[in-house]
Amino acid sequence: MADVPTPSQTVGPFFAFALPFAGGQQAADGAGPESVRIQGQLLDGADEPVPDGLLEVWQTDQFARSQTDPEGAFHFVVRKPPAIPGPNGALQAPHLNVIVFARGLLKHLVTRLYFPDEAAANAVDAVLQEVEPERRHTLIARDDGGVLHFDVHLQGEDETVFFAS
Amino acid sequence: MSESASFDPPYLHPDYRSTVLRAPRRPLVRLPDEWFHHAPGPVFGRVPVAPTDSDLTRQHPGEPLGERIIITGRVLDGDGHAVPNTLVEIWQANAAGRYVDPGDDHPAPLDPNFTGAGRCLTDGEGHYRFVTVKPGAYPWRNHPNAWRPAHVHFSLFGHELVSRLVTQMYFPGDPLMPYDPILQAIPDPRGRERLVARFDIQTTEPEWALGYSWDIVLRGRSATPMDA
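Here the protein sequences line up with chains W and X, keeping their order.
Position 52 (the first sequence) corresponds to 52 in the numbering used here; numbering is contiguous.
Position 107 (the second sequence) corresponds to 107 in the numbering used here; numbering is contiguous.
You may find that some hints are simply not true.
Said to hold, decoys possible - Here are a few chain W residues that face chain X, going by a calculated C-beta distance under 8 angstroms:
| # | residue |
| --- | --- |
| 1 | Pro7 |
| 2 | Phe21 |
| 3 | Gly45 |
| 4 | Leu91 |
| 5 | His108 |
| 6 | Phe115 |
| 7 | Glu118 |
Don't read these hints as lab results, they were simulated from the structure.
All C-beta atoms, glycine included, are put in the ideal place defined by N, C-alpha and C.
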């Protein structure tokens with residue numbers, strides 16, 4: 001019998017002694033040619049850093065977890081994923097699923113990180129097409145001298161696009 | 001029942017003050033369910049789970065102070081099927097209502113024999129089991145005379161992106177629950193009820209520990225068995 005799922009509650013402010021684990025920010029060893037460093041800042045509606053956030057990256061066989069520091073900064077080292085087919089059979093642009101937890105978020109947020117060197121694939125990606133054109137930039141990381149920069153804005157002018165089913 | 005039936009709280013719940021600057025203000029972009037179902041969960045072999053991680057009373061040389069308890073239950077998917085071999089992480093305050101976290105400045109004692117973090121994997125039938133001490137209530141600064149009811153934080157993965165869940169388990173009869181804006185952010189009383197464990201005399205071990213039973217239902221469904 002189908003049942004309504006157990007409801008969500010906030011991760012709260014005091015998870016840092018429990019959820020982070022050794023090497024958790026690295027889903028790749030950082031040495032391979034496909035490995036990429038992603039860094040960014042989690043920001044609230046006053047553009048202030050969120051120092052008690054937790055982000056996770058999910059992509060097929062990759063998982064990484066990073067808490068934010070006092071400046072709201074997080075980072076991951078992952079392998080750039082290949083294009084994988086979506087449920088409609090068409091290839092999706094390479095992307096990472098990103099999950100955001102924080103005190104004040106009663107339910108986690110889900111977003112996607114797309115790659116700046118995939119302009120052609122991004123232009124036809126089915127999920128990006130669901131997003132208003134003027135907001136798509138919030139989902140595409142910026143190449144900052146070989147490091148990918150990806151800020152997450154919970155609110156404000158550049159509020160990151162978050163997804164729900 | 002529709003796939004999207006939900007007891008989840010809204011993002012913006014001003015009674016819980018921290019939501020005001022952190023809840024997204026724009027509508028979320030809705031994707032068909034299968035887009036989330038199509039994102040299988042990652043391999044969690046990387047998160048280390050030792051057998052002792054599920055007994056929070058045995059992580060230090062001495063025993064922690066407090067009321068020893070057992071928390072057990074099953075993890076199920078939306079169709080009522082067991083979710084086997086999935087990671088369950090918990091964390092909590094000690095019996096005095098103090099977290100090990102350096103950010104917690106509540107003037108209650110730390111317990112040198114208690115950290116308050118645990119992990120386990122569900123068994124083949126979706127069962128999990130932790131031994132710990134009952135966490136204390138503690139004050140916070142959300143509003144005047146604000147106190148969190150005793151609770152244990154839970155984090156679960158399930159099979160796919162859509163099943164990810166972080167929540168809190170409460171204890172039956174706690175008089176602080178009606179005053180708690182985090183629990184009360186869940187609009188439907190049936191949803192709030194789902195976060196309250198049941199005292200369970202069957203789980204209770206004589207002359208050892210009180211037992212609480214709490215089942216967890218994740219969104220989504222188990223993978224369809226492959227056709228041979």
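A closest beta-carbon separation below 8 angstroms is what the hint needs, so does His108 of chain W meet it against chain X? holds, 6 angstroms
Tell me if the interface restraint on Glu118 of chain W is satisfied: Cβ within less than 8 angstroms of some Cβ in chain X. The hint is violated - Glu118 of chain W has no Cβ within 8 angstroms of chain X, the shortest such distance being about 18 angstroms.
Closer than 8 angstroms between Cβ atoms is the bar; does Leu91 of chain W clear it against chain X? Give me holds or violated. violated, 13 angstroms
Grab the minimum C-beta distance from Phe21 of chain W to chain X and call the hint holds if it beats 8 angstroms, violated otherwise. Given a least distance of 6 angstroms, the restraint on Phe21 of chain W holds.
Does Gly45 of chain W pass the interface check with chain X, least Cβ-Cβ distance below 8 angstroms? With a minimum Cβ separation of about 4 angstroms from chain X (threshold 8 angstroms), the hint on Gly45 of chain W holds.
Please verify that hint: Phe115 of chain W, Cβ, nearest Cβ of chain X, below 8 angstroms or not. Hint violated; Phe115 of chain W Cβ to chain X Cβ min 17 angstroms, cut 8 angstroms.
Hint validation: Pro7 of chain W versus chain X, beta carbon distance must be below 8 angstroms. Holds or violated? holds, 4 angstroms
In summary, the structure is inconsistent with hints 4, 6, 7 from the numbered list given earlier, while agreeing with the others.
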